[in-house]
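Based on the sequences and whatever the hints tell you, model everything.
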Amino acid sequence: MKARYFTFALLLFGCMLNAQTYTRMSYPISWGAGANTGERINNTSWIGYHLEFGHDVHSNSFVGIETGWVTLYDEVNNVTETIGSTTVTGNQYRYLNVIPILLKYTYLFENSSEYVPFVAAAGGISWAKSTTDVGIFRFNNEEWPFTVGTEVGINFDMDYSTKFQLSGYYNFLAKRDNLNSQAYWGIRIGFMWM
Amino acid sequence: MLRKLLSGLSVASILILTSCYPGGAENTRDLDIVMTHFEPSFEFAGKTTYALIDSVVHIGDDDEALSRALDDDILARVNSNLLDRNYEKYDTTNTPSTTPPNFLVRVSLLKVTASGTYCSYYPGYGWGWWGGWGYWYGGYPGYGWGYGWCGGSYSYDIGTLVIEMVDLEDADSADELDVVWMGLANGIASGNPLSNRDRILGAIDQAFDQSPYLMP
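As you go down the protein sequences, you meet chains Y and D in turn.
Count the first sequence with this note's numbering and you get residues 581 to 774, in order.
Count the second sequence with this note's numbering and you get residues -14 to 201, in order.
Errors might be hidden in some of the hints.
Unchecked claim - Simulated restraints on C-beta separations: (1) D:Asp190 - Y:Phe633: 54 to 64 Å; (2) Y:Val656 - D:Asp183: 29 to 39 Å; (3) Y:Ala754 - D:Ser26: 33 to 43 Å; (4) Y:Asn720 - D:Asp157: 35 to 45 Å.
Rather than coming from a laboratory, the hints here were simulated on the basis of the structure.
Just so we're clear, the structure is a prediction, and the values are computed from it rather than from any experiment.
Ideal placement from N, C-alpha and C gives every residue a C-beta, glycine not left out.
Right, here's the structure in full:
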């Protein structure tokens, strides 16, 4: 059994040594989705970035690590909320900050043209902080929820190693402790270097 | 060359775009809030009369408590809201003292310099993240369901209007009065008296509007 593990590890290590690495850097434009995020924050987010590093495991398949940062924000005036026998009215300034740390698998639909579609799936955890400011008070919920994501996009070959990328993505954060499940989606515009 | 140029542009774009962290209040009025709280075990129905203490209690942590110029307006607006909800104002002249009003209503104005101290608020109601109202209330002794505020040292002044309805009918003694409803209007005290007047009177209306159970 040990010999099998050793052989498998050796093969994997060999693959990694010969792997083609890639780096992605893109700018996301995002929107909240679902009841907990989309209805709470109904605004376009122009703030964030997306980074990804990885290597190939097959001619068309890549495994990498994805991270980044997205801030969703909305302002709602004169909101009245009741918790138990207490009711509070005021302007609310609502934020959701997410930093995902995901393991990602990407598959490229290689073809003869310079436009190459791809699909990807990711899973991992995120640091997520939901904040509501009312008056001089701040309500925070900060957790590390499990996260899954998917992405569909297209690469455009700019030169032998640089690709322009346009994609759509969706991330879902599972409920954890005080933080309800969250979801957001958006488009990413950026580059990939191989 | 293209690779370096695109890398540089990407990093620069990210830095520029992420430097614009969004939003927040733009003026003091945006920070106004109105909070109301009632005692769940208290039955409001059937209680019709109230007595309104005829002056506003001013509480300040220095010699610059909020001006008394708005006191009459504030009392008049509290009174009109109670009358609009079909409560009867207690007749202090003709009603025998053996028949007290159902409620005693008191209005207080507080001006404090707030601090960054965070403390629990209404344990069990999930308000532990509240920063408090900036003062420790030491008024009526023996509140049936005590509440507390924490205060401190922000660099700006906070004004808080407190309207309290005390259950007189079921009080065991003058030292054991239960606050069955309270409304609080909290905001940054601005230097504009006209703005403060509109904000305070509007907050009084809002406190009653969001308390539909206040019906005799």
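Okay, the hints, checked on the actual structure:
At roughly 57 Å, the beta carbons of D:Asp190 and Y:Phe633 sit within the given window of 54 to 64 Å. The given range of 29 to 39 Å is broken by Y:Val656 and D:Asp183, whose C-beta atoms sit roughly 21 Å from each other. Between Y:Ala754 and D:Ser26 the C-beta distance comes to about 38 Å, which sits within the given range of 33 to 43 Å. Between Y:Asn720 and D:Asp157, the C-beta spacing of about 41 Å keeps the proposed range 35 to 45 Å intact.
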